[in-house]
Amino acid sequence: GAGVSQSPRYKVAKRGQDVALRCDPISGHVSLFWYQQALGQGPEFLTYFQNEAQLDKSGLPSDRFFAERPEGSVSTLKIQRTQQEDSAVYLCASSTGGNTEAFFGQGTRLTVV
Amino acid sequence: DQQVKQNSPSLSVQEGRISILNCDYTNSMFDYFLWYKKYPAEGPTFLISISSIKDKNEDGRFTVFLNKSAKHLSLHIVPSQPGDSAVYFCAASGPGTYKYIFGTGTRLKVLA
Numbered sequence: 003g004a005g006v007s008q009s010p011r012y013k014v015a016k017r018g019q020d021v022a023l024r025c026d027p028i029s030g031h032v033s034l035f036w037y038q039q040a041l042g043q044g045p046e047f048l049t050y051f052q053n054e055a056q057l058d059k060s061g062l063p064s065d066r067f068f069a070e071r072p073e074g075s076v077s078t079l080k081i082q083r084t085q086q087e088d089s090a091v092y093l094c095a096s097s098t099g100g101n102t103e104a105f106f107g108q109g110t111r112l113t114v115v
Numbered sequence: 128d129q130q131v132k133q134n135s136p137s138l139s140v141q142e143g144r145i146s147i148l149n150c151d152y153t154n155s156m157f158d159y160f161l162w163y164k165k166y167p168a169e170g171p172t173f174l175i176s177i178s179s180i181k182d183k184n185e186d187g188r189f190t191v192f193l194n195k196s197a198k199h200l201s202l203h204i205v206p207s208q209p210g211d212s213a214v215y216f217c218a219a220s221g222p223g224t225y226k227y228i229f230g231t232g233t234r235l236k237v238l239a
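Sequence order for the protein chains is Y and S.
For the first sequence, our numbering begins at 3 and goes up steadily by one.
For the second sequence, our numbering begins at 128 and goes up steadily by one.
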């Protein structure tokens, strides 16, 4: 596709429920990132993939968060046993790698009730 | 510890005038800086970037200035247009890294 696509756009989860957020990066982009953006804040880094390899997951807030990119294209961010503090916009971005600009998707707004 | 700071949460400018958005950083290892624009309910859109080997980069109405000694960068928009009204984020990354550190954003409102 022309841009980074994320689904769903909005997700409401009951506390304790598992959720899966999907990201379709720009075709051919090697690098894929996940960021979390809380209300009134800038995006915060969660994890980074180069192709299928997860090279950095230092930003994942707890072991309830898990990300994968098995074929080096589509990525899924999974959150297990969601908590209210997980409520945020989850942004996916992709780039050609190196010091190049990353292109962001529209984000998934997760609300945990 | 906020490594990238945007100290002005909001800014209002008259249409046609210059908008100047500021950003300060603390990590002297940062070598690549970007500005993103964000409309409500959309993801951030890349605007312009600058490498630390430069002190200025220009793209149409947008110019980014980098002052390494002061650890400060700014985005100038001339002339400002109502469609520029959005939240602007600066971001930085360091050598050999790939993740961006973002500021908290400045909400720009351009008044017609």
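Some clues are possibly wrong.
What the hints assert, rightly or not - Derived pair list, reagent style SDA-like, types lysine to any residue, alpha-carbon separation capped at 20 Å:
(1) S:Lys132 - S:Leu193
(2) S:Lys181 - S:Pro222
(3) S:Lys164 - Y:Ala4
(4) S:Lys226 - Y:Thr78
(5) S:Lys226 - Y:Gly74
(6) S:Lys226 - Y:Ile28
(7) S:Lys195 - Y:Asn101
(8) Y:Lys59 - S:Asn194
(9) S:Lys226 - Y:Ser64
(10) S:Lys181 - S:Pro167
(11) S:Lys164 - S:Asp186
(12) S:Lys226 - Y:Ala15
(13) S:Lys183 - S:Pro167
(14) Y:Lys13 - S:Pro167
(15) S:Lys226 - Y:Lys13
(16) S:Lys132 - Y:Ala40
(17) S:Lys164 - Y:Ser64
(18) S:Lys236 - S:Asn194
(19) S:Lys226 - Y:Gly30
It is worth saying that the hints were derived from the structure and are not from the lab.
Source: prediction; values computed, not measured.
Hint check results:
no.	hint	result
1	S:Lys132 - S:Leu193	14 Å, holds
2	S:Lys181 - S:Pro222	15 Å, holds
3	S:Lys164 - Y:Ala4	19 Å, holds
4	S:Lys226 - Y:Thr78	18 Å, holds
5	S:Lys226 - Y:Gly74	18 Å, holds
6	S:Lys226 - Y:Ile28	18 Å, holds
7	S:Lys195 - Y:Asn101	18 Å, holds
8	Y:Lys59 - S:Asn194	32 Å, violated
9	S:Lys226 - Y:Ser64	19 Å, holds
10	S:Lys181 - S:Pro167	32 Å, violated
11	S:Lys164 - S:Asp186	14 Å, holds
12	S:Lys226 - Y:Ala15	28 Å, violated
13	S:Lys183 - S:Pro167	29 Å, violated
14	Y:Lys13 - S:Pro167	17 Å, holds
15	S:Lys226 - Y:Lys13	26 Å, violated
16	S:Lys132 - Y:Ala40	16 Å, holds
17	S:Lys164 - Y:Ser64	29 Å, violated
18	S:Lys236 - S:Asn194	25 Å, violated
19	S:Lys226 - Y:Gly30	19 Å, holds
Against the hints set out earlier in the document, violations occur for numbers 8, 10, 12, 13, 15, 17 and 18.
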